[in-house]
Amino acid sequence: MDGMMSRRKKILCAAIAVLIAILFLFPIYWLVQLSFKPDMEAFGRVLTYYPHTFTVSPWQENLDDPVFITSLRNSFINGFLTMGITLLLGVPAAYGMGRYKVRGSVLFLLTFLVSQMLPASLTLTPLYLIFNSAKLLGTHISSPIAIAASSIPFAVITLRPFFRSVPVTLDEAARLDGCGPVRAFFYVMIPAVKTGIITIIVISFLNGWNDLVYSMTFNVGADMRPLTANIYKFQSAYGTKWNCIMAYGTILVLPVVILFIFMQKYIVGGLTAGAVKE
Amino acid sequence: MQKRKISVSAQKRKEAYFFILPAFFYILLVMGYPMVYNAVLSLKNMDVKNLKSGASVFIGLQNYTELFGNETFRLVLKNTFVFTIACLVFQFTIGFAFALFFKQHFPLSGLIRGMILISYMMPMAVTGLLGKNMFMNDGLINDLLKRIGMTGPEWLTNTTYSLPAVIIMNCWVGIPFNMLLLISGLTSIHDDVYESAMIDGAGWGKRFVFITLPLMKSSILAVLMLGFIYTFRAFDLMYIMTKGGPLNSTDVLGTYSYMFSFTQFKFSRGAAVAMVLFACLFVVGMFYLHLLRREEE
Numbered sequence: 013m014d015g016m017m018s019r020r021k022k023i024l025c026a027a028i029a030v031l032i033a034i035l036f037l038f039p040i041y042w043l044v045q046l047s048f049k050p051d052m053e054a055f056g057r058v059l060t061y062y063p064h065t066f067t068v069s070p071w072q073e074n075l076d077d078p079v080f081i082t083s084l085r086n087s088f089i090n091g092f093l094t095m096g097i098t099l100l101l102g103v104p105a106a107y108g109m110g111r112y113k114v115r116g117s118v119l120f121l122l123t124f125l126v127s128q129m130l131p132a133s134l135t136l137t138p139l140y141l142i143f144n145s146a147k148l149l150g151t152h153i154s155s156p157i158a159i160a161a162s163s164i165p166f167a168v169i170t171l172r173p174f175f176r177s178v179p180v181t182l183d184e185a186a187r188l189d190g191c192g193p194v195r196a197f198f199y200v201m202i203p204a205v206k207t208g209i210i211t212i213i214v215i216s217f218l219n220g221w222n223d224l225v226y227s228m229t230f231n232v233g234a235d236m237r238p239l240t241a242n243i244y245k246f247q248s249a250y251g252t253k254w255n256c257i258m259a260y261g262t263i264l265v266l267p268v269v270i271l272f273i274f275m276q277k278y279i280v281g282g283l284t285a286g287a288v289k290e
Numbered sequence: 102m103q104k105r106k107i108s109v110s111a112q113k114r115k116e117a118y119f120f121i122l123p124a125f126f127y128i129l130l131v132m133g134y135p136m137v138y139n140a141v142l143s144l145k146n147m148d149v150k151n152l153k154s155g156a157s158v159f160i161g162l163q164n165y166t167e168l169f170g171n172e173t174f175r176l177v178l179k180n181t182f183v184f185t186i187a188c189l190v191f192q193f194t195i196g197f198a199f200a201l202f203f204k205q206h207f208p209l210s211g212l213i214r215g216m217i218l219i220s221y222m223m224p225m226a227v228t229g230l231l232g233k234n235m236f237m238n239d240g241l242i243n244d245l246l247k248r249i250g251m252t253g254p255e256w257l258t259n260t261t262y263s264l265p266a267v268i269i270m271n272c273w274v275g276i277p278f279n280m281l282l283l284i285s286g287l288t289s290i291h292d293d294v295y296e297s298a299m300i301d302g303a304g305w306g307k308r309f310v311f312i313t314l315p316l317m318k319s320s321i322l323a324v325l326m327l328g329f330i331y332t333f334r335a336f337d338l339m340y341i342m343t344k345g346g347p348l349n350s351t352d353v354l355g356t357y358s359y360m361f362s363f364t365q366f367k368f369s370r371g372a373a374v375a376m377v378l379f380a381c382l383f384v385v386g387m388f389y390l391h392l393l394r395r396e397e398e
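Same order as they appear, the protein sequences are chains S and G. Quick note on this note's numbering: the first sequence kicks off at 13 and runs consecutively. Quick note on this note's numbering: the second sequence kicks off at 102 and runs consecutively.
Treat the hints with care, as some may be off.
Stated by the list, open to error - Under the rule of at most 20 Å between Cα atoms (straight-line distance), these lysine to any residue pairs were calculated in the SDA-like manner:
1) Lys115(G) x Lys253(S)
2) Lys253(S) x Glu53(S)
3) Lys344(G) x Val232(S)
4) Lys22(S) x Gly211(G)
5) Lys277(S) x Met216(G)
6) Lys247(G) x Tyr62(S)
7) Lys113(G) x Tyr62(S)
8) Lys307(G) x Leu287(G)
9) Lys318(G) x Phe191(G)
10) Lys147(S) x Phe363(G)
11) Lys344(G) x Phe191(G)
12) Lys245(S) x Phe80(S)
13) Lys113(S) x Leu201(G)
14) Lys115(G) x Asp183(S)
15) Lys344(G) x Lys22(S)
16) Lys113(G) x Leu121(S)
17) Lys113(G) x Val118(S)
18) Lys147(S) x Lys307(G)
19) Lys253(S) x Met237(G)
20) Lys21(S) x Tyr295(G)
21) Lys22(S) x Gln205(G)
22) Lys21(S) x Trp305(G)
23) Lys22(S) x Leu201(G)
24) Lys150(G) x Asp183(S)
25) Lys113(S) x Phe126(G)
26) Lys247(G) x Trp42(S)
27) Lys22(S) x Ala198(G)
28) Lys113(S) x Glu116(G)
29) Lys113(S) x Lys115(G)
30) Lys277(S) x Leu282(G)
31) Lys206(S) x Thr284(S)
32) Lys21(S) x Leu209(G)
Claimed, not checked - Stretch-level coverage of chain G by chain S, calculated; a stretch enters the list once three of its residues show a Cβ under 8 Å from a Cβ in chain S:
33) 220-226
34) 376-385
Everything labelled a hint here was simulated from the structure, so no lab data went into it. Please read these numbers as outputs of a predicted model, since none were measured by experiment. We put the beta carbon where it would ideally sit given N, CA and C, even for glycine.
Isolated chain S, as found in the complex:
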């Protein structure tokens, strides 16, 4: 039914699509344009739709703040640690689930499926109390531990079909060449599912980067918090200085946009496969 579209209809569809894109991307434009407005314009009485006077001082103000710089660093730490734990545990588990049939497979799969759906609210209070007695509160690893608990199931469910689709002969050839299971896993299987691994890398990083609730609960000190968890601190410091707040927001969105531009194929594929975000 697609092949029969006339040229005129195609142009009409493209025009509607552009309208939809404008509507959906406008809030992001709004975020960015506000960050380049001087104070007068950003919270003046008259609303402008683009910076009539262009300035980078809201960005400057953020970048000059040492707490902002540590928060930015903490956001990266959150992202990379979450990614690390997810890759370390999730990828082997996906391989095991995809290539072997053992007793307990159904139980494992069910556990991963269920844990993917659990809300943070359910584990937040107990984890806080557990981390409190384990002296883990206020450390860089506390939030990634919790975030990875939902990234790992995502990795398992997304990657399992990838591993399953690798031909068995590839595995066997490696074994015949004298590879042990671990070597075969690293040198044969991982390269064979590269696409899926990239998806997991991107999405687990974003899970860590985007996290708010764990990071603000487990870290009381502003110097330990990532950007998301320090929004309130900056909001009270800036008051209604929306240009500074939006420069802050733009920096938070920037890695997402960059990853999206270069990795869209992997992100979209991964989201469809795992059908989840967290």
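For chain S, the structure is supplied; the task is to place chain G on it using the hints.
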């Protein structure tokens, strides 16, 4: 020969467990154990005062009876359902329409379909910030309304309009996601099914009702249930955009539980709210797993 086969399969089993079990135990430790802990906690009276002394005791279902006897909690429960159902209705219908539209092959369809997913990938905290700015009394939304001759309400300071504002922001994130999931369902329907229906003279509406909907049944149910699960547990958006206010009008179970545990430090009360949240998700989640299982077979 027989013996060798057994030892090979024992070896295989060992390998499998070597790969799977670390992740499995991690999940049990970081999710399973806290879940049980949370259930136990909800039956106690632990707060910041008896945390250090360890003097908290079991009080049975008192947290729950007090919650359900509390008018604010009932409002929060209602808000959570209103928010979830309203979001589902809009996200699903508009998302479905977008999926049908973007499934077609025309210039830019793939590019734009991907681009609008950015709202889904960005931190919900920033979505909250944006919502806070755009729905200000003299913000973007009311300015746009003024241009078409309407007077916008005081979105975030009026208890009638605060929840709709939060719902709109959430739909901005949810519509692209629903679209994405539904498109993958749609592309699994072969074109020749439609073609033969067209030869039989079925119009667009007929094709949609008699082909698309029945063939999409399982993906529609999956999308609705996943949507329910992810929307019902909302937290970040409200926490940044309205902090549950004004007057609890945008408070949902997630934010309410957080308020008990980490503003008032009544950990057990917060745990009880989280259990109610879990119970609601559990019912829907079981239904979803049942469907998934049927599909695996």
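Comparing the hints with the structure gives:
no., hint, in the structure
1, Lys115(G) x Lys253(S), "violated (60 Å)"
2, Lys253(S) x Glu53(S), "holds (10 Å)"
3, Lys344(G) x Val232(S), "holds (18 Å)"
4, Lys22(S) x Gly211(G), "holds (13 Å)"
5, Lys277(S) x Met216(G), "holds (11 Å)"
6, Lys247(G) x Tyr62(S), "holds (18 Å)"
7, Lys113(G) x Tyr62(S), "violated (63 Å)"
8, Lys307(G) x Leu287(G), "holds (16 Å)"
9, Lys318(G) x Phe191(G), "holds (18 Å)"
10, Lys147(S) x Phe363(G), "holds (18 Å)"
11, Lys344(G) x Phe191(G), "violated (23 Å)"
12, Lys245(S) x Phe80(S), "holds (10 Å)"
13, Lys113(S) x Leu201(G), "violated (38 Å)"
14, Lys115(G) x Asp183(S), "holds (17 Å)"
15, Lys344(G) x Lys22(S), "violated (45 Å)"
16, Lys113(G) x Leu121(S), "holds (19 Å)"
17, Lys113(G) x Val118(S), "holds (17 Å)"
18, Lys147(S) x Lys307(G), "violated (63 Å)"
19, Lys253(S) x Met237(G), "holds (14 Å)"
20, Lys21(S) x Tyr295(G), "holds (19 Å)"
21, Lys22(S) x Gln205(G), "holds (9 Å)"
22, Lys21(S) x Trp305(G), "holds (15 Å)"
23, Lys22(S) x Leu201(G), "holds (14 Å)"
24, Lys150(G) x Asp183(S), "violated (58 Å)"
25, Lys113(S) x Phe126(G), "holds (19 Å)"
26, Lys247(G) x Trp42(S), "holds (18 Å)"
27, Lys22(S) x Ala198(G), "holds (17 Å)"
28, Lys113(S) x Glu116(G), "holds (11 Å)"
29, Lys113(S) x Lys115(G), "holds (11 Å)"
30, Lys277(S) x Leu282(G), "holds (15 Å)"
31, Lys206(S) x Thr284(S), "holds (17 Å)"
32, Lys21(S) x Leu209(G), "holds (13 Å)"
33, 220-226, "holds (count 7)"
34, 376-385, "holds (count 4)"
Of the numbered hints stated above, those contradicted by the structure are hints 1, 7, 11, 13, 15, 18, 24, listed in ascending order.
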